[in-house]
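Chains as they are written, first to last, in this note's numbering: chain A, 77 to 565; chain B, 11 to 118; chain C, 6 to 478; chain D, 331 to 500; chain E, 227 to 867.
Simulated from the structure, these hints should not be mistaken for lab results. Bear in mind that the values here come from a model prediction, so they are computed numbers and not experimental data. Among the hints, erroneous ones may be present.
To be verified - Restraint ranges, calculated between C-beta atoms of paired labels, are given here:
#1 563(A) to 228(E): 42 to 50 Å
#2 86(A) to 48(C): 32 to 40 Å
#3 463(D) to 837(E): 54 to 62 Å
#4 483(D) to 199(C): 37 to 45 Å
#5 461(C) to 246(E): 54 to 62 Å
#6 428(A) to 247(E): 25 to 33 Å
#7 127(A) to 246(E): 30 to 38 Å
Ideal Cβ placement from N, Cα and C applies to all residues, glycine included.
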Amino acid sequence: MNLITAILIFFPLASIPVLYLVKREYVKTAAFISTLIELVLTLYVISEFQIIPDTQFLLDYWWIESLGISFKAGIDGISLVMVLLTNFLMPVVVLSNMNREQMQVRHYHALILFTQMAFVGVFVALDAFLFYIFWELALIPMYFISLFWGKERRIPVTFKFFFYTLTGSLIMLVALIYLYFQTPAPHTFDIAAFYNLNLSATEQSLLFWGLFIGFAIKVPLFPVHGWLPDTHTEAPTQGTLLLAGVMLKMGIYGVIRWVLPIVPEGVMLWKDWAITMGVIGIIYASCIAIVQRDFKRLIAFSSIGHLGLTIAGIFALNIHGLQGGLLQAFNHGITSVGLFFVADIIYDRMHTREIAKLGGIVHKAPAMSIFFMLMLLGSIALPLTNGFVGEFLLFLGLYQYNVWFTAVAGLGIILGAVYMLRSYQRVMLGEANSLTSEFTDMLMSEKVVMGALTAAVFWIGINPKPLLTIAEPALAQILQQYTSFLTMK
Amino acid sequence: MPELTSLKTIPLDWYIYLSLTLFAIGVTGVLLNRNAIILLMCIEIMLNAVNLLFVAFSAYSDDPAGQLFVFFVMVVAAAEVAVGLAIIVMIYRNFQTVNINVLDKLKW
Amino acid sequence: MSGLILLSILGATTLISGVFQHRRLLLPLTLLGLVFTFLFVMGEWSGKATYFADLIAPYNNGMLTFDSFAFAFSGLLLFFSLLVLSLSQFQVQEDVDHAGEYYSILLFTVLGAVVMVSFSNLVMLFIGIEILSISLYVMAGSRKYTAPSNEASLKYFLLGSFASGFLLLGIALIYGTTGHLDLPGISSYISANASSLPFLCILGIMMIIMGMAFKVSAAPFHNWSPDVYEGAPTVITAFMATVVKTAAIAAFLRLMLGSFEAVQGWWTILLSPISILTMTIGNVTALYQQNFKRLLAYSGISHAGYLLIGIVALTYDSPSYNSSGAILYYTAAYALATIAAFAVLLVVAGNSGDSSISAFNGLAKRDPKLAVALTICLLSLAGIPPLAGFFGKYYLFALAINKGLWVLAAFAILNSLIGIYYYFIVMINMFLKEKQDGLPSTSSPASKVVIAICVILTIIAGLFPEGVVQVLK
Amino acid sequence: MSLNQIAFLGLAAMSLLGAIMVVTTKKPLYSILYLIFTFFCIAAHFVILNAQFLAVVQVIVYAGAIMVLFLFVVMLLNLNKESEYRKPALLKVAAAMSGGMLLLLTVAGVVKSGAGNVETAEAALYTQTTIGYVSNLGLSLFKEYLIPFEVVSILFLSAMVGAVVLGRKD
Amino acid sequence: MINLVWLVPLFPLIGFLINGLLRDKLPKTMAGVIGSGVVFGSFLVTCGIFFEHLSTPANSVVVPLFDWITAGNFSAQFSFQVDSLSLLMMLIVTGVGFLIHVYSMGYMHDDEGHNKFFSYLNLFIFFMLLLVMGSNYLLLFVGWEGVGLCSYLLIGFWFKNNDYNNAAKKAFIVNRIGDLGFLIGMLLIFVTFGTLNYHEVFEQAVAKFQSGEWGINSTVMVAITLLLFVGAVGKSAQIPLYTWLPDAMAGPTPVSALIHAATMVTAGVYMVVRSNVLYTLAPVSLQVVLVIGIATALFAATIGLFQNDIKKVLAYSTVSQLGYMFAACGVGAFTSGMFHLTTHAFFKALLFLGSGSVIHALGGEQDLRNMGGLKRWMPATFITFLIGTLAISGIPPLSGFFSKDEILANAFAHDRVAWALLLAGSLLTAFYMFRLFFLTFTGSFRGTKEQEHHLHESPALITVPLMALAILSAVGGVLGLPGLLHAPHALNNFLNPIYEGREAVLASIGYEHHHLAHQTEWMLIGITVAAVVAVIFAANRIFAGYRKEGEPTTFLKKLIYNKYYVDELYDAIIVKPTMAVSEFFFSVLESVIIDGFSVVTGKLAIASGRTLRHIQTGNTGTYLFIMVVGVIVMVVASYFI
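Using the sequences provided together with the hints, build the complete structure.
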């Protein structure tokens, strides 16, 4: 039964050889099927999952016993939500490539599946070292995808991406090693051991930044977001989707799992900074998105804004904020994937992402205009879409922490409407110009992709309860770990 | 032997100073010269300085190890010189000079 | 012990058979011999094969000590030599006449290396180093009629013997102050009056450190290595970059561990700047490097810097973290990747050909397997998990952090970031640049095997480092 | 000021002089000759230190074999015709300075640390040291130092082979 | 019957889905029939519930559907509250909505977006119903934003025209500003009361008040009410957020009638009335509401005087009328507000539809200056429009008279100044409405010849709803006959239940409703009616023989003609700065500093590599020197260890 965790992690890896066995034209299908199976497995896990705070399907074997490094992985509510996101998006991502010309299709999909393995690993790992390994494993194939299949400026841009993120993760590694040496000898990387260390305030502050910077760069949080827009624009579509859909969430997950419970005092001392960064990020990114000329960049900046709010809400450190944060991570995964895919469709047809060159597409592509609008609604958090639930909870949490942060962050929902509607108007509406008049509407597979995403948008928007219930106990426990420290102080 | 007992009149420091000086001269020579052969000789001076030091130490502490070490040093030095001269000959054969300044094609 | 005997026999045999023109035998003979030696050493370690040991033991008055450290590193050295020598054909086929000498000298070099890692008396250290160096002076110049080779040989010779002069001075001063040449004696003296060490002794330690630093090519005594690496025939370069570096760092560690451990306090202060300087210079200089051999030379320098962390943060008592283990693992990881890289270079550019990075352009199209292999090695060198290189780095960083050497750790992190750039540049060349024609691609079964072994071991060692780590527990 | 001291000082002066000449003379040939001279002085020092064996070896190996080898090479390559390459003044100054500095520092070190345990040395020297005698050295050489002795033969072998490989014109 | 309440919003939703998904398949008439049919369906259900409600004593029922959001102690159900207030709104929405749907079948018949139009309309009805039926603030907010979306979609319905798109965008964004206030208000409510359900909130509020925990005007209450009111200001186009409504006229006329006159814009009033308890606890906020309301009423009325676009005039009149409603709430006469809301829904819808019919006849012409004498061609429209105009001007016995008079009376009772201002406002209303009327229907036609040639009465689909609405606006007054006619005030009795909490509070602070003496009321009515009639005649004198005039010349005229340059002002103080800041962020902070950082670091590293490698001179001598220097440094260092 516990092996299901291992299967979840390694099934994608195991299915890579298949890609090299089947005929070239079936590779995409094979990949798609494998991801579907993975999704089914995930659903099975959900069905087996009990609504309790404890970790379930726990897997714990020594890996490097002498160094106290074990292969410890398990699933609790938080992990489950993230794993679900990953494995729900993966088929979508693979499918999004169905009708595209794809060079080196085998390697491409092999890397994608590899990434999936790493993602799932990150979300279920309960041993710091294992976590770090998966964390890096997610980065490498990502880098290769963007480098080998990217666009013109890929080389410098991917370097930027790689260095930004690796800097973060190395700092994080140092922090983890330090924690490791704080554990009673024989030292261990087990997260459980990290939970009940007692560290001095200074240690905790330093460790907080050590860990938090690593995650903040991944999220990415203002002002360390420099890599995101470029990478999004240069990466191939699937790269962008994986990046926006899952990879950024690794940061948020990391904050929840590896920062809050481990260095509570550090969090207590520095959370205002984190929130401030988040809130500034909202305004900053939204403003930039308004004047953005490149459609993909615009979406990228909108991501920065949304995730800034997410971080702010999480650091409000109450159940609403945490629930909102996790849910919003999930939502943003879906919505941003949808928007980026729209951008990809446009680029695929028009070979430009310049908003100024577009316009009037709606006449040629009613279907896409509708899907785009629906995704947009999710992104600007209109009620009955997923975005609303998440952002409302985030605001609720943040408000209970501080009114003024909320007020400023609230401007984000206005600015969000501004840039989204602006872009929609300038891309889709108005008279069709010479370029856009050749636009062809979505193909079946594309419709399926967008359909799935839209369904998710509204399903969560109208019935968020399942996700919230799954996550609630685990989050409550993490919160409790934090508050118990406060009371102990 | 009488002269031996009176050897104590030479402080060990003197030998140390002497060999250090010789060594320094050797180093200076290495830095100063551009002629591979002379360089080699200066290195030999350094080795000899060290030998002297060894012998002095071993004599004053009445311990054969030092002198045996010197023996090995001499052996090594001989081998080194043999190989070194061979290299120099080879160099000369290809460059018609033993000026080490000429050999700076491998750089950066 | 058996290592020494077998190696000398083997060397002599190859020499003779070279003289008697049995060239075809040489390679198999050497490889078989090395395998045999390797097995014997391993057997001796596990106490199974004791014949030679018993033979020699009575005459070995604390000159060599065959502890697990010695065995582990000798094994490593023999294994690397095996790998490198399997590539010999690239070297031999271009001057056939000296095949015999070539093999014998390299085998003697290995012998020197083995002596270096198992010495317990400064005499042996000195002799070992000299055997190693003198043979290498020769091998570096083994392509007699080409300028670079000559230049490399001469530079190596002059700088090397100059450095060994200082080494000798150091030994002499140590001897003079402590009155001992054997490690136990020295260490007992030093630990006895660690507080009030006569300055001459300090000076001696300093000089010895300098001499060893030269051998491991640590800044500021590193200048020889790029030039020599570039000038020497590629096979020899590979040998120097892996076997010699391993032997040097191991000897260095053995020396510090065995004799000067008591005064670690102050030579840590001295060595950590050297370590930082070394890795920084190595990495930064490599950034703008167009020649692959030089690139690997600089990367070798930077890795020497990382390795020095293991000595600076000298730890031997901790059950799971000891410098020997860390350095053993790191050298293994580093050498495996480097050998494979050189093997690929040999295949792509030949033993003497243009070794500029552009030689790899479009390799992914020409020979994808090769490209992937090299990529894996470069990733390992760059320290990307889950490859061996990463774990080695982790191990050393952990040592530093454990000792609370934060500055060192910070620089190490920074450098491992910088380092990534130039490894990735090579990779990008392979995958994204278009190939220009006229490059010979002289593949050979041997090189294929070597590359395969290295890559596989790199991955396995990365996934399951336990074994290696435990060796020296 | 005893006889030995005078002898020592004289020899020291001569050896230093020789060394300096080696370093500074223009022509390789001369420096070789000066080097031989220096070696003889050092051999003499060995004698004073009662290390007869080494003194002899010094003379045979160094002054004999090695220096002859040098001479031979110099003649062979007829290096004497090309006088020492001209050196910029800056180089000279720099070389002298660094050499001098090294000397200064090391000597200062010796002074600082008093001496390398002299008193024990003196105590030792009341009873005459005989370790320098061939017999004694030979014993320890073939007892404790057997292995290095053997190993060094390997060194020789490889050096020989190397020299042949490099030196032979083919 | 009450348990079927979920059908009410469900019907329009279904209609939306059918029309939306099959919009390419369905024939136009079919779509129209479905669109109107579903609304009529919910109208019928509503009526059913309405009569049931009348018969049952239970004044308010909550029908839960399912749990929506639950996190920690926060939980919001998806549940409907049926009480008199929501029923009234439901009736208006579905009833008027139905008429407008029917009208649209005629009006939009030739538009290629016909089916899409109906799906949007249905969606709007759905959200509007959610808004009025929701049993908690969150659900109210859902509808609140939902109708905003629909208004966005419908204003920009003709998306080829970028001005229209801009108008739509403006509407949505300005509304968002209000929504932010509303959202924060909601959060504050939750933090204060731990729930968002009307019942619990109001009960707790009263309880806290009576337990003496709060006094009147407690900070929290004032904050909540003001924040909520910000939302209302945005939604109901009050100063300062009214500017979107006139632009919103870009949408098809039925949209203006339905969304921007009858229903959506009145959501703010509904919300204030719904939260009357909270407002009662914060008289200060009520004062603010009153001031804003009066100001808007007058301000918009004055702008209305000089507008030449028929729909713009109506738009400003809407703004002004909404001002009246808020003023009513401001003086505590919530019922009067609802009353005016209702009648206004009738006659303003009528007026808009009438203008629509005119525009339809003139082939899209909207400029009053090119109309005139239309009564000759389109009698039905003329009559109905006249009724509407009279109603809005407050001529007895039309509905407008009663509602407005009630407001005036309450204002008088509350504060003379307020009364005076509102009276002035109503005079202005009468003036510009009749200006509009005369310019459109009397005199001689000023349009082009071929326009004149095409002039015709609109088809039945258009005129029938007009008549229906005309009747409603004529007799709507019976809902609230003033006390001095000794008739029961139907609306009062109907709505009273929702004021329970309010009454309790008022009772406990010993406030009693002082009714005006009858003669006073008579006097007020007299004054009002007389003044209005006078104004109408004046308007007649001025505009009956209207000739085209050029742009206004005098300063005041120009100022008003250009709507006091408010749009320009906002553009200058809000839009432009925002854009400037964004540009700064993008081109300086992002491009130069944040990108620059990484670029510079990279360049720096490479450059240092390029320079550092020159240490490796290749000259052995140099290397030797470096080594020696290294040794010397080490030795020196060893002195300090």
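Tested hints:
no.: 1; hint: 563(A) to 228(E): 42 to 50 Å; in the structure: holds (48 Å)
no.: 2; hint: 86(A) to 48(C): 32 to 40 Å; in the structure: holds (38 Å)
no.: 3; hint: 463(D) to 837(E): 54 to 62 Å; in the structure: holds (60 Å)
no.: 4; hint: 483(D) to 199(C): 37 to 45 Å; in the structure: holds (38 Å)
no.: 5; hint: 461(C) to 246(E): 54 to 62 Å; in the structure: holds (59 Å)
no.: 6; hint: 428(A) to 247(E): 25 to 33 Å; in the structure: holds (32 Å)
no.: 7; hint: 127(A) to 246(E): 30 to 38 Å; in the structure: holds (37 Å)
Hint violations for this structure: none, all hints satisfied.
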